[in-house]
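When you get a sec, could you build the whole thing from the sequences and use the hints?
The residues making up each chain are set out below.
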Amino acid sequence: MSLPDIEQVFTELADNLKTYLKEQGIDDPLLVGIRTGGVWVAERIQQALNINEAGSLDISFYRDDFTRKGLHPQVQGSDLPDSVEDRHILLVDDVIMSGRTIRAAMNELFDYGRPASITLVCLLDIGRRELPIQPDLCGATLILSSDELIKLSGPQPLSISLA
Amino acid sequence: MRYLKIEQARLIDPSLQLDTVTDVYVAEGRIKAIGRKPESGVIEQSIDGRGQWLVPGFVDLGAHLAEPGFAQKGAIASETYAACSSGFTHVCALPDTKPVVDNSAIVQQILEKAQQACFAHVLPLGALTPDLAGEQIASMASLQDAGCVALSNARQPFKSSYVLRRVLEYAATYDLLVFLTPDDVSLSAGGSMHEGPVATRMGIPGIPRTAETIALAQMLLLVEQTGVRAHISQISCGRSLVMLRQAREAGMRITADTPLANLIYTDESVIGYNSLYKVLPPLRTEVDRQALLAAVNAGELAISSNHRPHDVAAKKTTFIDAQPGMSMFDGFLPLALQLVEKGELTEAAFITAVCSKPAAVLGFEHGLQEGQLFNAALIDPNQERCFRRSHLLSQGRNSPVAGLTLKGAATAVFVDGRKVI
Amino acid sequence: MTTNPNNVQLTADGRLKHFLTTEGLSKALLTEILDTADSFISTQERAIKKVPLLRGKTVVNLFFENSTRTRSTFELAAKRLSADILNLDIARSATSKGETLMDTLWNLEAMYSDVFVVRHADSGAAHFIAEQVTPHVAIINAGDGRHAHPTQAMLDMLTIRRHKGSIEGKVVAVVGDILHSRVARSQIYALNTLGAAEVRVIGPRTLLPRDIGGLGCKVFYKLEDGLKDCDVVIMLRLQQERMQDALLPAGSEFYKQYGLTVDRLKLAKPDAIVMHPGPINRGIEIESTVADGAQSVILNQVSYGIAVRMAVMAMAMSGQQQERNERAQMEL
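Residue numbers (this note's numbering), protein chains in the order written: chain A, 17 to 179; chain B, 242 to 662; chain C, 13 to 344.
Calculated directly from the structure, the hints in this document are not laboratory data.
Just to be clear, a hint being listed does not mean it is correct.
As the list claims (entries may be wrong) - With a straight-line Cα cutoff of 35 Å, these simulated DSBU-like cross-link-like pairs (lysine-lysine) come out: (1) 91/C / 557/B; (2) 278/C / 167/A; (3) 240/C / 278/C; (4) 281/C / 230/C; (5) 85/A / 62/C; (6) 281/C / 234/C; (7) 246/B / 354/B; (8) 85/A / 61/C; (9) 557/B / 339/B; (10) 167/A / 61/C; (11) 557/B / 69/C; (12) 85/A / 39/C.
Unchecked claim - Using C-beta positions, here's what the derived DEER-type ranges look like: (13) 340/C / 356/B: 54 to 62 Å; (14) 101/C / 388/B: 50 to 58 Å; (15) 217/C / 483/B: 24 to 32 Å; (16) 465/B / 78/C: 17 to 25 Å; (17) 427/B / 115/C: 29 to 37 Å.
For each residue, glycine too, the CB sits at the ideal point set by N, CA and C.
Listed below in structure tokens is the structure:
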């Protein structure tokens, strides 16, 4: 299968996001990227849309597979403002697959406070959902065969390859 | 006359300058002939001694036989059998049993048990003070009459130099032999291993060398003053050897022994908090070990077993909480032979240190001579033995050879002519 | 040393599965502990201090020796990892009735716990327990005799890193009763592994083991000499009993010779920090003005303590989990 041009996908996504924010009347969103791939994408979005505030989320302590896999050796910690109370959050990840990462991210966000809203923005959707979680905005959808995995490199330029 | 013949074994008895391959004929419990066939009589039994050593039976100057009082740790029967398996024919039993061997009834009890078991000779050591409390004088004459070969303090302290002086003077009255184990309790109290770099790293309170040397100085000076016959038990450090040499040079007649474990292991064995290596006297440094080996090689020092069997619970706890002691009888022979093989001990020095020297301390005739009682061990230095935990002969669960395969076994042991192993 | 203490505390691929001592752990692993602790510090600063990492797991505080403060920080750390916590004051219960250590452990194992936090008066106790206990339980050493107090040492390392940037190249002095101190030993190993330029121990001869230099430190008997140009000064607590054990004279001589006063602190670098594992004895080892002064980071040490303990519990549990998975795989 042929891989899309990620830079082009990103540009379209950023444009759609701009429109979305205007339509929703959100003028001061909190951009939160999920480590590590989501942080790159969030940085690019921050540049492209000139957003003031950005943070990052390390979901290591909220994963549901601690019993199976243990703690990841490189925990970096989350970096968010003290409270997310009443903020409109743009939760950004590079690839959405099972949906478990997003579930963990949302649980963690709620331990920081009660946001006004969370909008999920993903660069790529590769299907294989295990939870009922869908992106609000998505760059591109890819269908991979069962043994294929996607690898994202970045932050500049963003590119993908099959692993 | 019906003889037991031991064929072509290598007879080694350094005390008689004997080291030769020859035949031995035994009858009526004694050696009847060496190297020549007796004129009359028939050979009832013949043992092939080719490739093996025939040595005088080993004599142990101090072992804890756990009876009376420590049934969960051992018994005279099991411990003397284990002793025989390593070539011992005579074992001195330490008096720190429960109750302490401070009266003739207990001595009798021990001798009876030993006779029932019928393995190695048990030579009871009586207590120098009642209950080993270090305060008063024990009934030494009765203990001697009951069968004690010597009296010991079993590492227990004396209340004061005054008490020790009086105890030694009294013993001298009956020309009794005293076994003194030097330990200054005020310096060793709270310690679990040798005080040194290893103890510092492990955070374990240590027992400094001065705990031994200071007590030794006190003992040597009082032995000199009172003129008592004395033997120093369980030396662990080089400094003590220097002091003993000086005493001898000044004309004192004084003998000493060191436990086999202190010739093999050092404080480094404790690393990892292995309570198996918690012993008294403590295992000291390589420098001390080398000094002790040199002294044995020079004929200055006897070797004792310091055998002390323990049950599992006594050792299966923190190092500091564990009871000190190693079960030495099962592995004594192969462990000692390892030292010989490595060249750390000469054959002659080793055999002297466990045969003629201890016998001389105790004052009995012992050796491979025509007319002598036949107390001997036939040893195959190359036979491998696997020491399976479930098959150890001592009841003690604290043997350093458990699970190991080692070379060197006593294929036959004779006590007063009777084949015990 | 010929036997590597890490045979017990690390998995086959070098991950922590028990935390018994800082001795022999690699710089990478110690740094991982500090980094993980750092990320827990940020969770401690927000409104909801809990993370769900150890939810459903049971942590048992097994204190054979009393210590309210250490025990409560471990309790708090466990709770903030969402674990269930059980406090056992063995000092006052079963073993004082004569139950052996092994029996106590077997009874506890029957309760299916995941972590034992152990404090014991005997050096080597945590090591012993780690060797005896069933494979899936993580042992965290909260202090064993004079041997080690690794979590305290790590929170001290974290404190230095947060206030001085890094431990690399620093001159660190540890002052006081080194002889009886498990903290000091753990600190010396950690400081050396993490690249301190020089580790100094300062105290009277009676409180300094003769071979302590062999652990990797320079010995000073005079406080003024040892404090010169230090970046970090760690004061150890002096127990009053030492004055009755024929180790020190009674009265104020110790303070006069080894107390950290404002004047003496000036001998260290001007930006030197003052630390103390606590609880502090004002007027015995440290002057109040110094303890409360600008260079003191003593109170910060306490808050970092919870984060460090969360980190080692999480990492040890993670290592145990890896091993458990591997064992399950092998049985297939």
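Taking the hints in turn, this is what the structure says about them:
Between residue 91/C and residue 557/B, the direct Cα distance comes to roughly 33 Å. Compliance with the 35 Å bound is thereby established for this hinted pair. About 56 Å separates the Cα atoms of residue 278/C and residue 167/A, which puts this hinted pair outside 35 Å; it is violated. A threshold of 35 Å between alpha carbons decides the hint, and for residue 240/C with residue 278/C the separation of about 9 Å falls inside it, so the pair holds. With a C-alpha separation of about 18 Å, the suggested pair residue 281/C and residue 230/C falls inside the 35 Å cut-off, and the hint holds.
For a cut-off of 35 Å, the pair hint linking residue 85/A to residue 62/C stands: about 21 Å separates their Cα positions. For the hint pairing residue 281/C with residue 234/C, the CA-to-CA distance comes to about 17 Å; that is within 35 Å, so the pair holds. Restraint check for residue 246/B and residue 354/B: the C-alpha separation of about 31 Å stays at or below 35 Å, so the hint holds. In summary, the hint linking residue 85/A to residue 61/C is supported, as the alpha carbons are separated by about 24 Å, within the 35 Å threshold.
At roughly 22 Å between alpha-carbon atoms, residue 557/B and residue 339/B fall within 35 Å of each other, so this suggested pair holds. Note on residue 167/A and residue 61/C: the hinted pairing holds, with a Cα-Cα distance of about 34 Å set against a maximum of 35 Å. Note on residue 557/B and residue 69/C: the hinted pairing holds, with a Cα-Cα distance of about 28 Å set against a maximum of 35 Å. Note on residue 85/A and residue 39/C: the hinted pairing holds, with a Cα-Cα distance of about 24 Å set against a maximum of 35 Å.
Distance hint check: the CB atoms of residue 340/C and residue 356/B are about 59 Å apart, consistent with the given range 54 to 62 Å. Between residue 101/C and residue 388/B the CB atoms are about 53 Å apart, so this pair conforms to the stated range of 50 to 58 Å. Checked against the hint of 24 to 32 Å, the pair residue 217/C and residue 483/B passes, with Cβ atoms roughly 26 Å apart. Residue 465/B and residue 78/C have their C-beta atoms about 51 Å apart, which leaves the hinted 17 to 25 Å range violated.
Restraint check, residue 427/B to residue 115/C: a C-beta distance of roughly 34 Å satisfies the suggested window 29 to 37 Å.
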